[in-house]
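Protein chains in written order, with UniProt numbering: chain A, 1 to 584; chain B, 1 to 522.
Just so you know, these hints were derived from the structure itself, not from any lab.
By construction, the Cβ of each residue, glycine as well, lies at the ideal position given by its N, Cα and C atoms.
Watch out, some of these pointers could steer you wrong.
[What the hints assert, rightly or not] Below, a sample of chain A positions facing chain B; criterion: calculated Cβ distance under 7 angstroms:
| no. | residue |
| --- | --- |
| 1 | Ile13 |
| 2 | Asp14 |
| 3 | Lys17 |
| 4 | Arg36 |
| 5 | Leu38 |
| 6 | Gly39 |
| 7 | Arg42 |
| 8 | Pro49 |
| 9 | Asp172 |
| 10 | Pro175 |
| 11 | Trp253 |
| 12 | Glu291 |
| 13 | Glu324 |
| 14 | Asp328 |
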Amino acid sequence: MVDEPLYPIAILIDELKNDDIQLRLNSIRRLSTIARALGEERTRKELIPFLSENNDDDDEVLLAMAEELGAFIPYVGGVEYAHVLLPPLETLCTVEETVVRDKAVESLCRIGLQMKERDLVDWFIPLVKRLGAGEWFTARVSACGLFHIAYPSATDLLRAELRSVYNQLCHDDMPMVRRSAASNLGKFAATVEPVHLKTDIMAFFRDLTQDDQDSVRLLAVEGCAALGKLLEPQDCVASILPVIVNFSQDKSWRVRFMVANQLYELCEAVGPEPTRTDLIPAYVRLLRDNEAEVRIAAAGKVTKFCRIVSPQLAMQHILPCVKELSTDSSQHVRAALASVIMGMAPVLGKEATIDQLLPIFLALLKDEFPDVRLNIISKLDQVNQVIGIDLLSQSLLPAIVELAEDRHWRVRLAIIEYIPLLASQLGVDFFDDKLGLLCMHWLGDQVFSIREAAANNLKRLAEEFGPEWACQHIIPQVLEMINNPHYLYRMTILYAISLLASVVGAEVTCQTMLPVVINAAKDRVPNIKFNVAKILQSLIPIVDTSVVEQTIRPCLLELNEDPDVDVRYFATQALQACDQVMST
Amino acid sequence: MIIAGGAGGQQHAAAAGASGQVQGVSALDWKFSQVFGERAANEEVQEVDIISAIEFDKTGEHLATGDRGGRVVLFERIDAKEWRGRKELERVDSSLPRQPEYRYSTEFQSHEPEFDYLKSLEIEEKINKIRWCHTTNGAQSLLSTNDKTIKLWKVVEKKVKKVKDLNIDPATPVGNGNLGSPVHSPRSYSLKSSGLGRQPSSSHELTIPPGGIPSLRLPTVYSTESVLFARCRRVYANAHAYHINSISTNSDCETFISADDLRINLWNLEVSDQSFNIVDIKPVNMEDLTEVITAAEFHPSHCNILAYCSSKGTVRLIDMRQSALCDKHSKLFEEQEAPGSRSFFSEIIASISDIKFARGGRYILSRDYMTLKLWDVNMEAAPVATFKVHEHLRPKICDLYENDYIFDKFECCLSGDSLRVATGSYSNLFRVFGVTPGSEEATTLEASKTPNRRLVQTPSKSGRFINLGRGRRENRRGSESPVSEINGGVYDFTSKLLHLAWHPSANLIACAASNSLYMYYA
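Please take these sequences and the hints and turn them into a complete structure.
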């Protein structure tokens, strides 16, 4: 039996084997505490072997264990003992649940990065080789993610061996292993010497790109960009470019989809000339692909692509496609285009933007699908810098007003969220003219979320344009609405007041808003009254103590006598806050 | 093997192996092997015990059955187990010399009856389909589905663990350690304390000396026995508006499909909260509905190809590479009925109840009410062979319609070498046909301990016409000897043998007669 003070830690240790999974999980999360209680030596000799043996636990526990062990080096006695952590993680690398394996691989990489070169050779590389030759595919899948740690410190002989193991993994029977080899190839390649990169790694890559399984080829595409960046431009043109051009015409739409996502990354690797001759035509083909999913991916990269190629080429080849896409039959394609097209404005310059892009913007702003319209509005600031506010407001404002009254409340909500951005772009005068009324209007919306967002919006506007402007343009209108016959709307106004109070400062609050709140304390609806109590509590830190004493406290005392129990409860709470302020 | 027109057939020849040299393989002599859950005379069958799905895994080492009570029962092979390595199990390509023998291994409750409150619908617990997934780390996993929900089960041998040498006597009533107080999260704590000698605030008065506390010890774990333990790893729910009729796992070991009456969804095994709709045949107006999906299956080796069949008697092949939503098929297999023979029942009996790919994926076997049809994926106009299963019932078709028997959904299966096909019938009978050109094999067996008891095996007299030029063969075997006459008895339409499965490498058929599982070998 242990001494009394050790009880908590003793229980923690015992609960490593409790029947309740929640308690086991808790103990594993505190593994570092347990390790410190046992001391470094016993952690190495007892705790770690204990964990290695008890690895048939539930997945959640194993996941936690894999994560904890990744940061365990300090508890086993520092870097020179890091290798003792490898065995438990090695077994975790072979479990069946993917998230556990991935976490174990991640932790092994973390540890491997800190290990001394000699230790890597003695412990880490054998582990990679063991996993790579594992009986079950799970081990081999995990092995693929460890080569980039093992390779740099290996001797020439070992390096050759590691490359040959990787080669086997690229040709494994199980598609899962080949997929893992394909997705880790880029990382591994980055550590391989140039001479082997050009021969071995490129051979692996070629084989993976010709795999029978779609799902493998798909991941090989990901390697294109990563490998392309490692190779000399001329090698990249010779060996990667044909592959990617081929892939861009693959019969599987999923492969083309991946190419559409990756293509722009390759432009830099191959240099301007091959980009012009090969990659732009490939990209144009993808923009006009039969499959909507591919066009979505391609459309989403329009701006990134245009930034890489020259403006002239962009106008000549890509802009015509963009025009087509803006009237695409798939709403998702148009939405993807709308989310990036504003970024093209700075690339193309003012003249081209006004001539070519603005009509597209306007068309998309009138799109029947709300996501398309919203995507345009969310990026307005990028265009503003190019074409100036006058033109922007002229052409865009009607569309915005229309959206503000959209019948889908989620659209209205999204628009409200962009109002502060618009306000900052448009400036005070313009805002007052056109949008001020809208903002007030939303406070009376039928949907609570809109009213709530409208109140928050007022606060952000007050921050943007300053307290003085708020006093003139917001507060009077807001206070007027306190007389709404429906208590839910009155509640929104109270909420708006509580938000605005923090922005406009003590004086304005006391003069204009506080009387309204005090008045609301006499409302016939209890919900309003206890909200008044809550707001008064929130006002206490803002206003002077004299105001608290003379106005707020008497009002709260009155509420404290209310027949409704909730009103009394919140009034009591607010009074306690009052007393705290008064006593200090 | 089938010689399907001049150039075709090579791919299949490999599967057929040496026997492909011989024109016509001799008929198999089927013998009773085993029975599980045999019904005693006069014993009443409980509805929940009726078997509703049978499936071998890829190795044939394991067999699973599902029943109307939502249970899944597993059987494992007991002969010749010791010399099989794990790697071999993974690869699945062995042929075993001996006749396989099975034993009950475990069972678990896969689905429970549920109630959909939104639609006021009862959801039965009946298992509609079982499919084995890839073996991982010695653990078997399988998918099972009822009408609405698919579940992934893992069955693993687990050691029963006992713990001793605890620090604190379990009898002492102490709560969870106050280290585990929820005041601050374990996560932030372990980060804070890493590498620092200072004590975190939660272990207040306790100071740990640098060498640790020697009196603390780790619990010792010892195991006594091991038991099979089934655990539900994923639940794939809420993706089907109609009843799920089939599920099929993909050769990429990563995805599977589930099909209901109007849609086919694609899932990733690891992701249970989203699926992709790949086929949707729902018409805008439900009054225009003329066709429903009856079964769907992935190609055995091409991860992008799948086949589905419909109530109109068509089999469609789709290539998922073509587009994300595969409403357009890439191949359509349909046999046009001779205009003269059309009747009121034509459309009902044309409905395909099950399809299976042959190993290698070159052939597709389909079962409609009257026949089994074997299709070459390279020939869409007509099947390469038709086996008449229920021809003798044609005169009674009106009665069958009135009693709804005409809507019974019989499954079909192929032998591992694709040389034979089998399907079920009424009176607990099932029929096995030879597929090889020139084969006269057409055996009828009864699911009982004496499968050949009531049946006279009559070699078919009518020759078959093989049109090698077009690769099309007329096949009239089985039609000339209506079994009801041979029996001299009445057909028992209530005991129907709907579910059966062929062992992937041996000549062993497992079939379900009501609540009993019978196995036959040859």
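Right, here's what the structure says about each hint:
no. : hint   : in the structure
1   : Ile13  : holds (6 angstroms)
2   : Asp14  : holds (5 angstroms)
3   : Lys17  : holds (4 angstroms)
4   : Arg36  : holds (5 angstroms)
5   : Leu38  : holds (5 angstroms)
6   : Gly39  : holds (2 angstroms)
7   : Arg42  : holds (6 angstroms)
8   : Pro49  : violated (9 angstroms)
9   : Asp172 : violated (10 angstroms)
10  : Pro175 : holds (5 angstroms)
11  : Trp253 : holds (6 angstroms)
12  : Glu291 : holds (5 angstroms)
13  : Glu324 : violated (19 angstroms)
14  : Asp328 : violated (15 angstroms)
Figure legend: structure checked against the earlier numbered hints; hints not met, in rising order: 8, 9, 13, 14.
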